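*Asks:* For reference, the chains in residue letters:
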Amino acid sequence: MVSKLKKCFIGIVAAVTAAGSFAATAFADEPYETYSYDMWQDTIPSQAGYRVERTVTGLDMGLSSLSDPESPFFISEKESPYLNTARDMFFDDVSETFWVVDSGNNRLLQLDKDLKLIGCIKTIEGSSVSTFNNPQGIFTSTDDKGVTTIYLADADNNRGLKLEKTSPTSAKVILELTKPETEAYKAEAFTPSKVIADKEGNIYLISTSVNSGALRYDSAGTFRGFFGANRVEQTAAVVARKVWRMFASEAQLEAMVSSVPTEFHNFDIDEDGFVFTVTESANASTDAVKKLNPAGYNIWDNAVGNSYEFGDFAWSAKEYSAKSTKLTDVVIGEGGIINLLDYETGRVFQYDKDANLLFIFGAKSTPSEQEGSFTAPNAVETYGTNIYVLDGTKNDITVFTETVFGKYVHQASELYVQGKYVEAKPIWEEVMRRDGGYTLAHIALGKAALNEDRYADAMEYFETAYDQENYDKAFEYYRDDFLRDHFQAIVITLVVLIVLIIVLVKLRQKGKIKSIGEYIKASKEKKAAKEENE
Amino acid sequence: MYEFSTLGWLKHVIFHPVEGFEDLRWKKKGSLKLSFLIVFLLFVAMVVNRQLKGFAFNTAYVKVFNVVPLIVQSIVYFFVWVIGNWAVCTLFDGEGTLKNICIYSAYALVPYIIGVYVSVFISNFLILDEAIWVNFIYLLGLGWSVVLMIQAMKAVHQYSFTKTIVSIIGTLIAMLLILFLAVLLLSLFQQVYVFVYSIYTEIAYRVRG
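Chains as they are written, first to last, in my numbering: chain X, 99 to 632; chain F, 227 to 435.
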C-alpha cells in the first residue's frame, strides 16, 4: 500500500511538473494547446505533432491569372481571384495534384503540390447544363495513361457527374447521375453533396438529408441501391417512443414521429476499398465514424463489444473549451492514418490504422483569426506528411507540417500497426524522451517488452499507461514463468504447511495444546483465581 | 452449554445461521467493542478493495483518492442502518435495543468483510480469465452476510420471517429519509453559516469605517 501511495504521489508530482513545464515552454505559434487522451479519457497536454507552415489564399495560388487575358487559364475579366465558400478538396495520389471545389464561384481548381494553379474547369461539354451550380464534393482518379476522371457532386443542378479532363481548362461529361427513379428512393429532393468512386468504377453519392445511406451507382450509371446506412442512436427519446408505440392506437401511431438515423455527412475510400464515413450530428455516439467493407458492413462496430472512440469526449473537452464534436470530413493518409476534421472546434483528430489516437491539433477562430484557426473548416486532405485544411469562410487553405516529434510518432506507429513492436522500440523510446505522457508509446513499448519475454517490464509499461487488458496478458505470462521457476519451492512450502496443520489439529484433538480462545479463557480464569486469592 | 469467548460467539453465529443469533440473544452475549471493530474493518475493507485490488481488476479512478465517500459508504451507512432499524422496529413491537441491533448487525457483516479481503488478496494472483473466482468469493461473502443479517434482525426483534423482511424494507426507506434530512440539515446550516458570516463582514466593515 505504501509503495502504491508513493507511486501515486510521484505520479501527481510528475503530472504537475509536466503541466508546469508544458505551460512554460509552449510556443506562441499555434493558437491552441495540443493534447491527447489517456485511458480514462481525460485530456493530457501533449507535444505538438504538427505545426502551421502557412496559409494559402486564392491570390497565393495564382487565381488572378483566371482574369488575365494573356494567361492560358483565362476565363473572363471578372473572374474572382479568391476562393468563395469552397466546400471540398481532394488530393489525387497518382497525378499528385489537389482539386478544390470553389463552390461559390462554381468552378473546379486544380493545384499542384505547392498549391499553385495548374488548371480550372468552369464549363463542361456534353451536357445540356454546361456550368456547375454550387458543386459540393469531388473525387478524382488518374489512370496509367494520365487521363484524369473527375467525379463531382453538383448539388444545385441536382446531379452527380463523371467527367473526363480533356485539357487544363475543359472536361467532357461521361456520365450524368440523376435522381433514381425507384421506390427505394423516398426523398423528394436530390442534392448530391459528396462523392467517391471505388476501383471497379462504382460511384457513391451522398445526397443531403437522405438517411438510408450513400447512393451506389454502377460504372454504367445505374442506381444499385443504398450503401452503409447509419443506425438509430438509442437516445432517451427514441427508447421512450418505442415504449409508447406498444400502447398507442393506430391513429396515434400515424401521428408519431418515427425514429430515424442521422445521415453520414462525408466519406473517403482507402486503397483497400474500405469506405470511412463520418456523421456530423453533434456528439453522435452511434456510428459517428464507420469503416465499411465493400458489402457495407461496419467493421468498427461498438455494439459487438469493441470500443472505438473518436473526436472529443464531451466531458473532458470542457477543460479546453466546452464544445460538442461535429465531424465533417475524413481522409485516409499514407499507411492508413485516419484524419478527422471537427467542424465545431476546428480540430483535426489523427488516428492510426487501428484507431489509436495520435494527435489533436487545430482550433476555431474565436475571438480572432490566426494561422491554424478556422472559421468554417470544410475539408481536410493529406499529402505526404502534410495536412491541408480548407476553410470555407476564411477562403484559404492552411498547411500543417509534421514536427520532429510527429515524425518519430509516425515512423513508430507505422511499424506498430504492422505488429513490428521490437523494431519500433528505439523510435518509441525517442518519442518517450520528448513526451513522457504519450500513452501509445508506453503501450507500444510494453508490447515490445512482451515480445522480448520481459514480462515484468511489460507490466510496468502497461501499468503506467493504465492498459489493464494488456497488463493482464503480461501478468499471465509473468505468473507462468514465476510458477515454473519456483515450482519446487512452492510445492515444498505447501507440503510443509499441510503437514504442520495436520500435526497441530492432531495435537489439539489429543488435548496437548489449546486453541487461542481456550487459552485466553484459561488465562482469564487464572487471573480471576489469583485475584480471589488475594 | 454454549460457553464461548467473545470471538467464539462470533464464530458460533457465523457458522450457525439458523440458531446462532437466537443463542446469542438467549445467553445475552455480544460485545459492542467488537462490533465497532468490525465496522472499522468494514471501512478498511472498502479502502483495501479500492486501493489494493489486482491491477487488472481495479476499475476505480486511481488518479484521486477521496476517503470521505468510503467512510460514508461503510461507517455512516452502518450507523444509519442501526438507527433506522431501531426507529422502525420500535414502532413494530421489535424487542431489540439499539445496542443489540448494533452488535447483531455488525456480527452479520463479518462474512462480507472476509469475502472482500480474500477476493482482493487473490485478485493479485489471478488473471482476468479467472475473474470468476474473485467474483465468486465476493458474492459468497455477500450472500452469506445477507442471510445472517436477516437472521440477526429476526432474532434481535423476535420477528417472524415475513415481518423481518418487511422491517428490513422499512429500514431501507427510513435510511433514505434520514440521509435526506441530514443533507437538508447540512445545507441549511451552511446557509445559516453564510448568513452569520455576511453579518460579521458587514459589521467588520462598519467598525473599520
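Watch out, some of these pointers could steer you wrong.
What the hints assert, rightly or not - When the alpha-carbon atoms are kept at most 25 angstroms apart in a straight line, the in silico PhoX-like pairs for lysine-lysine are as follows:
| id | chain 1 | residue 1 | chain 2 | residue 2 |
| --- | --- | --- | --- | --- |
| 1 | X | LYS625 | X | LYS610 |
| 2 | X | LYS625 | F | LYS255 |
| 3 | F | LYS253 | X | LYS625 |
| 4 | X | LYS619 | F | LYS254 |
| 5 | F | LYS253 | X | LYS604 |
To be verified - Part of the chain X face toward chain F, derived, beta carbon under 8 angstroms:
| id | residue |
| --- | --- |
| 6 | TRP138 |
| 7 | PHE189 |
| 8 | ASP191 |
| 9 | ILE600 |
| 10 | LYS619 |
Treat the hints as calculated values from the structure; they're not laboratory data. The structure displayed is predicted, hence computed values, not measured ones. Virtual Cβ for every residue (Gly too), placed ideally from N, Cα, C.
*Asks:* Are the hints correct? Go through all of them and say.
*Replies:* Right, here's what the structure says about each hint:
The hinted pair formed by LYS625 of chain X and LYS610 of chain X meets the criterion: a straight-line CA distance of about 22 angstroms does not exceed 25 angstroms. Restraint check for LYS625 of chain X and LYS255 of chain F: satisfied, since their Cα atoms lie roughly 21 angstroms apart, inside the 25 angstroms limit. Between LYS253 of chain F and LYS625 of chain X, the direct Cα distance comes to roughly 23 angstroms. Compliance with the 25 angstroms bound is thereby established for this hinted pair. Proposed proximity of LYS619 of chain X and LYS254 of chain F is supported: the alpha carbons are some 18 angstroms apart, at most 25 angstroms.
In summary, the hint linking LYS253 of chain F to LYS604 of chain X is not supported, as the alpha carbons are separated by about 31 angstroms, beyond the 25 angstroms threshold. Because the closest C-beta pair between TRP138 of chain X and chain F is about 6 angstroms apart, less than 8 angstroms, the hint holds. The beta carbon of PHE189 of chain X comes no nearer than 41 angstroms to any beta carbon in chain F, farther than 8 angstroms, and the hint placing it at the interface is violated. Here the hint on ASP191 of chain X is broken, as its CB sits about 43 angstroms from the closest CB of chain F, past 8 angstroms.
Checking ILE600 of chain X against chain F: minimum C-beta separation of about 21 angstroms lies over 8 angstroms; hint violated. Hint status for LYS619 of chain X relative to chain F: holds, with the closest Cβ pair at about 5 angstroms, below 8 angstroms.
Hints 5, 7, 8, 9, counting from the list given before, are not met by this structure.
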